[in-house]
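**Student:** Next come the chains, spelled out residue by residue.
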Amino acid sequence: MQRLLFLFSLKPIIYGLIGMLIAGASFPLAGVIILRNGLIPLRYMLMHGVILGGTLSIAFHLPMVPVVAALNILLVLVLMAMKGRTSTLSVASTAMMVLTMGLASMLSHVFDVPSKDTLELLWGSPFALKVSDLWMLFGVCLILVLYCIIFFRPMTAIFFDTDVASSLGVNVKLHHTVMVLVTALVIALSMKIMGALLMDALVILPVLSVSRNSTSMKGAFLKSSICGLVLSLLGYFFAVLWNLPVSGTLSILAVAYYLLSFLIQKLKRLGS
Amino acid sequence: MSKGSAITIDNLTVKYSNKTVLDHFSLSVKSGENVIIAGPNGCGKTTLLKALMGMVRPDGGTIEITDRRKGSIAYCGQEKASSDFPISVREVLKLGIPASCSAEQAKHRIQEALGMTHCSSLENRNFFSLSGGEKQRVSIARCLCQDPSLILLDEPSTYLDANGKDELFAILDRLAKSPLTILMVTHEAELFEHFATWNRVQLPKVGA
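So the sequence lines, in the order shown, correspond to chains A and B.
The opening position of the first sequence corresponds to residue 1 in my numbering, with each subsequent residue numbered one higher.
The opening position of the second sequence corresponds to residue 1001 in my numbering, with each subsequent residue numbered one higher.
Treat the hints as calculated values from the structure; they're not laboratory data.
None of the hints are false.
Computed cross-link-like contacts, DMTMM-like style, restricted to lysine to aspartate or glutamate with a CA-CA straight-line distance of at most 20 Å:
#1 1094(B) with 163(A)
#2 1070(B) with 163(A)
#3 1070(B) with 161(A)
#4 1015(B) with 163(A)
#5 1177(B) with 1033(B)
#6 218(A) with 1123(B)
#7 1050(B) with 163(A)
#8 1094(B) with 1112(B)
#9 1050(B) with 161(A)
Because the structure is a prediction, the values reported are computed rather than measured.
Put together the whole structure using the sequences plus the hints.
**Tutor:** Right under this line is the structure:
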């Protein structure tokens, strides 16, 4: 107990805890947007964007998070311009993925950026968060939460049916662009906290787990958020307690919960 | 626009890229009239409805709709495919309620629409767990929540089984007797037989 209290008095652990609290409660909302808008290919493109952003920031000695966030926004804007005119989302994002990796490779070579440093971005660490990162995380999460609250109705209409949403006067294109931009920011930041490879544990899995056992959109939003918060807190606590990697611990917990929800759904069906 | 007209379409032309989908199409629909627009796949039926809703910009011609207040045009498409993400029937109906409505008015409208479409028992269910016929009844209920003067139905019975079709037809028969203007597009011969009293318009396939 004394050891635990000591650990939670250390600044990197406290900053990590704050980051996990904010991200755990709000990132699943981005997961809802990603899943409902079919943005899974976009997510992979943004992960590659993080590698290019990381390379750029190391090569030019720039702050990593703003560079990664700005680059991801730029990529999304280019993608939105390409999509519909020349190709589908998945084709356009594949092209952008190749481009970003190609540029990252060239920059690494020209500016002698150690590949290991760049790839470490994919693993991330909440213990490496600085106060400025926390403020940025808070800002992006606030935008995400406010967007979901203020525009819940048009969002629901778009998720339900884009034609119905248009007939109700919802500006589908504008909302879609805003949703994609917010998602891009969330992915850029979740990379820093969780690492790209385990990001799904906090963004996607809570949504998949709770949507199975929900009957309303509002309920699914709320439950996803609560589930993400509980999972991130438990994962962080266990990781600190047993000296385990946070991302790995959280991922295992998230998968365990996902399997449990699957089992609950099956049992419910058998019972009814 | 002549007196009593709900919709007047004059020489409407719509092109996608260089392909002409609707070519100088004209139609006049009176207020309270029920019209069934028939035509083969790809003849521009859905495009016509989208043009009426302002979702497609015409390349030529004009569309005049008498009632232009917000929510006056309600749209019901084909049966929606399943989804892993839930949305309750109540939430679907709420989409149709204008933002200006009070909570009490909204509740009243929802109950009324649910009653008219025999969906009262479905209110708290997940929309995507419903049968095809139930989904279409709820979609009509959502249209009614808008308090529209014009309902656009886009192939409403496609993918429905015999029971689903019977349920849908019964509701449409009832709506046809109301002051609502209804425009339904379809390629299904079964609908022409059932709605034989509705005015029928044939939409030609451009280039055919």
